[in-house]
Each structure stands twice: as C-alpha cells, then as structure tokens.
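Asks: For the protein sequence lines, the chains are A and B, in the order given.
Just so we're aligned, residue 1 is where the first sequence starts under our numbering, counting upward by one.
Just so we're aligned, residue 1 is where the second sequence starts under our numbering, counting upward by one.
Any given hint might turn out to be false.
[Stated by the list, open to error] Partner residues aside, some chain A positions facing chain B, computed with beta carbon under 7 angstroms: (1) D128; (2) V163; (3) G165; (4) Q167; (5) R513; (6) R517.
Derived from the structure by calculation, the hints contain no laboratory data.
Just so it is clear, CB atoms sit at the ideal spot from N, CA and C, and this is done for glycine as well.
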Amino acid sequence: MPSTPLFEIPPEVDLDTLAALLPEPLHLGEGGDRRLTRTWLDSFDWRLYRAGGLLEEVQEPAGRLLRWRDFKSGDLLAWEEVPGRPQRAADIPAGPVAEEVAPALGVRVLLPQVEVQVEQRLVRVLDDEEKTVLRLELEQARYLAPHGHAKGELAPRLRLVPVKGYQKELERVARRFAGDWPEPRATQMEEALTALGRAPGDYSSKLDIALDPGMRADEAAKAIHLYLLRILEANLEGTRADLDPEFLHDLRVAIRRTRSALTQIKGVFPPTVVENFKGRFAWVQQVTGPVRDLDVYLLDLPGYREGLPDLLRPGLAPLETFLARHHAEEQAVMARKLASPHFRKLLKDWRAFLEAPVPDVPDPEAPKAALPVAEVASARIWRMYRRVLREGRAISDDSPAEALHELRKSCKKLRYLMEFFLALYAAEEVRPLVKQVKVLLDDLGAFQDLEVQARSLSGFAGRMVEEKTADTTTLLSLGALIGGLWHRQAKARRRFQRTFADFDSAANGKRFRHLFRA
Amino acid sequence: MKILAAYNIKGGVGKTATAVNLAREAVRAGRRTLIWDLDPQGAATFYFRIKPRVKGGGKALVRGRLELDAAVKGTDFEGLDLLPADFSYRKFDRLLGKAPKPGRQLMRLMRPLAEDYDLLILDCAPNISLVSENVFRAADALLVPVIPTTLSARTLVQLQDFLARQGGVGHLRLWPFFSMVDRRKRMHRELVTELAAAHPDFLDARIPYAAEVERMGERRAPVAEFAPGSVAAAAYGALWREIEGRLGV
Chain A
1 MPSTPLFEIP PEVDLDTLAA LLPEPLHLGE GGDRRLTRTW LDSFDWRLYR
51 AGGLLEEVQE PAGRLLRWRD FKSGDLLAWE EVPGRPQRAA DIPAGPVAEE
101 VAPALGVRVL LPQVEVQVEQ RLVRVLDDEE KTVLRLELEQ ARYLAPHGHA
151 KGELAPRLRL VPVKGYQKEL ERVARRFAGD WPEPRATQME EALTALGRAP
201 GDYSSKLDIA LDPGMRADEA AKAIHLYLLR ILEANLEGTR ADLDPEFLHD
251 LRVAIRRTRS ALTQIKGVFP PTVVENFKGR FAWVQQVTGP VRDLDVYLLD
301 LPGYREGLPD LLRPGLAPLE TFLARHHAEE QAVMARKLAS PHFRKLLKDW
351 RAFLEAPVPD VPDPEAPKAA LPVAEVASAR IWRMYRRVLR EGRAISDDSP
401 AEALHELRKS CKKLRYLMEF FLALYAAEEV RPLVKQVKVL LDDLGAFQDL
451 EVQARSLSGF AGRMVEEKTA DTTTLLSLGA LIGGLWHRQA KARRRFQRTF
501 ADFDSAANGK RFRHLFRA
Chain B
1 MKILAAYNIK GGVGKTATAV NLAREAVRAG RRTLIWDLDP QGAATFYFRI
51 KPRVKGGGKA LVRGRLELDA AVKGTDFEGL DLLPADFSYR KFDRLLGKAP
101 KPGRQLMRLM RPLAEDYDLL ILDCAPNISL VSENVFRAAD ALLVPVIPTT
151 LSARTLVQLQ DFLARQGGVG HLRLWPFFSM VDRRKRMHRE LVTELAAAHP
201 DFLDARIPYA AEVERMGERR APVAEFAPGS VAAAAYGALW REIEGRLGV
C-alpha cells in the first residue's frame, strides 16, 4: 500500500459520503479548508523531466515552497522555501533543491508548464478516544494554461494522510475506499497537461520525424520542413524576449537545417521555390548571427576566466561589460527584425507552400518528387558519405585550414541528412553511425570555432581600444586568452587525423554501404 | 536533537503539564518534537488521547526487539509525536539493571531518533532510580518544576546534592522554575523571592496555579488549545521562549 493512498473520486462525494463509509468506531472530526496553487516548472525543453525530476511550486497564503520530486514515483526528495518564483537555477537558495536543479537546468530559464488551483477540505478521522488517527484531504483542482485562457476542472481526488503509529486505521480506511474508487492513473501534472492537449517532454530540439519509406519524396520533404518550422516557431517568443540563449540557438539550428534540407534533398521541389526560400532564410540566419556570437562569448566567459592566471582575471570585467552592452543593442535590433512584417510573411509563405498538397503530376524541374523517399534519401546520404571520405582523405598535416572547414560543411550536411531520414532505417543500425559523424564534427567544430573565437576576441580588443574601455590588464588578459585558444586549436588539429581514421575504418564503410547503398 | 527532561523527585508539582504544554509550544515554533512518557502512570499519554501501550512493553525496547521509532504515535498536532507510557515501565529499573552498561541504555535507545526530531522531551516518574540516572546522562537539561513551599524547595537541594555525587552528568544543566504559584499566598510570594535569589539558574517564567491547567485532564489537550488567552497559556509560552534561548536552538 502506498504511504499516502490516493483515490480519484466522483464529483458528488462529500463529507457525508465519507463519514458513512468509515468503519466503526472511526468517525469524522472537525475540518478546515485550504487553498493553494501548484505550478510545475521546467525549462522549455523539459530538462528537469529528462533528468527524471519534477519541480513543483506550491503557493499558499503562508508562503511559497519548491518541491523536488522523483518524476516516476512522485516521491518527495527535497524542498525549499522561496521568497518568489525562481527564474534560473541561481535564484533557488543554496540547498538540496538547488543542487538537483542547477546541473540539469544549465543556462535555461524555468517556465511554468502548467498550473492547478486547488481547494482542499481537510478533515480528521477520530477513534473512540476522539484521537486523530488519520487525515483526509479532499481536493478539487482546476488546471490553467500558463499563457492563454485554457482552463477546466480535473477529477476530484482524496488523499489519506497517515498519522504515525496508526497504520492499521489507515489500511482499514484505504481498503474501504478502494472498494468504491480507483487510484488516479496519472499524476496531477500529467492530467492537467493532458487536458491541455500536451504531455511532459512534448518539446525537444532533437529530430524525430515520422516518415514511411514508401512515401513520395516531395511529401516526405514537406513533412521534414514542417517539423523544422514548428521548432522554429516554438522558439520565436523566447528568442524575442531573450529568456535564455537556448531559444535563439534552437531557432538558428532549425533555420540551418531548413536551408540544408532545401539544398540537400535535391530534385523534390521546383528550383524557383528552393532559391526563393533559401535566400529568405539566409537573411534570418544573418540577422540572428550577431546575438548568437555574443551569447557564445558571454557563456564562455566563466571558462575563459578560469583559464587565466589570477593576475589577469580582473581584466575580463571590461570585456563582460562590453559584451553585455553590445548584446543588449543587437538583441533589440534582432527582436525588431523577428517581429517585422517581412519575417512574418516569410513564415506565412513557407507554411502555405508546405501545407499545400503535392501536385499529382510533379514539376518537370523536380524529377525526384514522386520517387519513394527511401530511394532518394539513401542515394543522397551515400553520395554525401563518399564526399566526406574523399575530402577527409585528401587532408594532410600540411593542408590549409580551409580544407578542414570544407570537410566540416560536408560532414554537417551528412549528419543532417541522416537525422532527417532517421525513421527510414533501423534505429540500432543508423544511430551509431550518426554518433560517429557527430564525433568527427565535434573535432572539426572545435578546430574552427577556436579559430573564430580567437579572431573575434582580437576584434573585440580593437573595438574596446577605440571605445576606450580596455586598459592594459584587459588587453593582456585578451592576449593570454587568444594564445590559449590557438594552443587548443593546434591540439584539435593534431587530433583530427586519428578521429578521421576511426571514421574511415573498413567496418564503418561496410555499415554505410549496407544501409545506404542497398 | 536536544533532550529536555521534566523532572522532580517530588510528585504532583506540574511536571507532566510542563512537558505537554512545552511540547505544544516547541511544535508551534517549528521544532519537530517527541515526548517520551516514561511515567508508568501515563498522564502525558492520556492528555494526548493515546492508548498507554507499547507492544512488548519496556522489555521489547531494552532487548532491542522493538525500535523506539516503531512505538511512536503521532498526536493531533502535526510535528508532535509521543512515545506512549506502558504499565510495564514500573519494572523498567529491573530490565535496565540486567542490560550491559545499565546507566546508558536510554541514551542508546534514543540515538536513532536524532534524525527525525529537533527536540525530545522526557516526562519522568517522580523518583530517583536507574531510569532517572539514565535520564540524567542522556538529557541536556533538567526542567525542575518547584512549588514555592518549604518541602518542594528541599527536594531541589536534595536533587542538587544527588547530581553533585553522580558521575557522567557534568554536562547536565539544572533549570528550576516556579510552578503552581499562588500569588494570593504570602508564603509563595516570599519563597519565590528567596529561592530565586539563592538559585540564579531559576528561569524567570512562572507557571501560575490555574484552573485551566487542571482542566487539561478533562479537555485532554494542552492549555493553549482550549484556553489560548489564559494566563497559564501565556506562562507556558514565556517558559518555552526562555528555554529556547538557553538551548540556543
């Protein structure tokens, strides 16, 4: 028996019904009422849920509590009183809740996922000595969407709260009630989300696109693009409001994937369509670039600081101020552009194209539109795989950096193609290959990003001198940072040959051939 | 976990009333509190409407067949639990005498409770016995209700003498306070002044002789629950705040 048995009860059950059900000599004592609001907080992409936890905020007139529970069992693992609703992990007072939440949440903000307003009737169950042996909580809850106006009633619940040392009484009453009422099938949070047509974990930036191998290629491409468009739109509000840097990051990845899908899934849409949207999405990528760059440096700043000798650490303070100021300026510019009619029209046109049915007779300039998607996908992935091999094998220790940059671009195309069409292949076969491509990409990415960072920092130094915000310590610390970055870049370069050799193994080649050449 | 023992060699001085009312105050102040009713008469158990029975009695506890925690009962007040009296406690001395290290048995039994409670209040039987020796070793402080009468004052001196001769109780603080004070009696007024001067450790709060305290038996609840505005309820509140300050909790 659960430690606090819970029942879902019909709405007409009242205290008289409960009193009539109690076994002799137990009877109801006096009661009271309590109102509270429960709000379940998580990041936009459900990081706490994915870490197996549930963060519940309880607001009562007496104060505000945060409870950290195990998602599956609902067990209370830690709690903390808080003065207000925390926005970020750092807002939670140091303690066991913060220790659990901070590593899972990272840089993301906490958002209310769903809320219930609860009215509880509390009533004591007494024995023949008029002693409290059990407490009953009769709970009526209404759910509310955090934004918007959706709301409604949830099924009432009855919780039995034991009094220590009166287990027998608890069991007797629980058995009696269990004869009439079921246990709830889901947690209250899940019930409330379900009522709103949602589910825990319903947003993820990972691709999980349902495709069927026999589908027409143009139809499949539209499904892929619609999936990406949904991710893009889901992140718009958070990006404009600058809630946390991940909204913009996910938005930009969705756009990059969209552009990649447009050009890499070849021959499924008329070239005019491809050119049109490719150009318009490039504009979005361009207007969101500066803020993302500044985000990256702001996020890396603590790491930069740690990499410096104590003497030079204070020199980074002016850099932080510089970055924060430019970030605020660029954010305002970007937010305006993302709210512009120009951008809204792009999304509208794009959606209209994607939602329009595919033509029965494909455009002559889209020769692959009516082919089965599996055929088109495998051919594209195989070609791109061959290209990655060709480019990678040509790279020696003397090759220019551009050769690695080109290889990185091809690798990214390969990765995206494999991820778009994941559903067409056996998961246990295709996932390890995607993983392999990612490892290679990480190395290539480190190589290029470190170089870009070093160049940017050097550019910042120049601008700070112009703006007269950099003193000697700041310039020295930037110099030291740039030196460190070059050093790490050189290491990434040395690592490359080995990583690529792993990727270019005979066994790997066999797996790619088996999956995509057949 | 801090351990307080309501204790006096003399009976009928308001010991149980002290334990019960202080426990209620402690819980109101947010301390997770447990009362252990060590008096076989079970008055504290009765006040909380709990049946005076421990499965297997004191024997099961001392022999380790029953964890102390398993015998604990929740009271009507959330955060306040009680370990009931058992009639077998009258033979507790003999049981403890047979155990190894007989003077430290209660300490051993109470140790596992430290995680669950901030405060443990022992309501002790009025005598000097092996049980009370155990209590002296385990408790941080003895709360000694003293009625301002010559006889009651004498027992305080007896207790001080006894403790001075005991080993292993150097840590134990003795906190007497006046109980059942009747302002209308000249002797009470005089003795209060005299004793307080002679014993600087006396707590300032004084519990009056009051009908409300006597009505606890009929109402079966702490005074502040049924007579929240009464002088007696206020006196227990003041007593708790003073103790809280001295305990440094």
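Asks: Would you mind marking each hint as holding or not holding in the structure?
Replies: Hint check:
no., hint, in the structure
1, D128, "violated (10 angstroms)"
2, V163, "holds (4 angstroms)"
3, G165, "holds (3 angstroms)"
4, Q167, "violated (10 angstroms)"
5, R513, "violated (62 angstroms)"
6, R517, "violated (64 angstroms)"
The structure fails to meet hints 1, 4, 5 and 6 from the earlier list, while all remaining hints are met.
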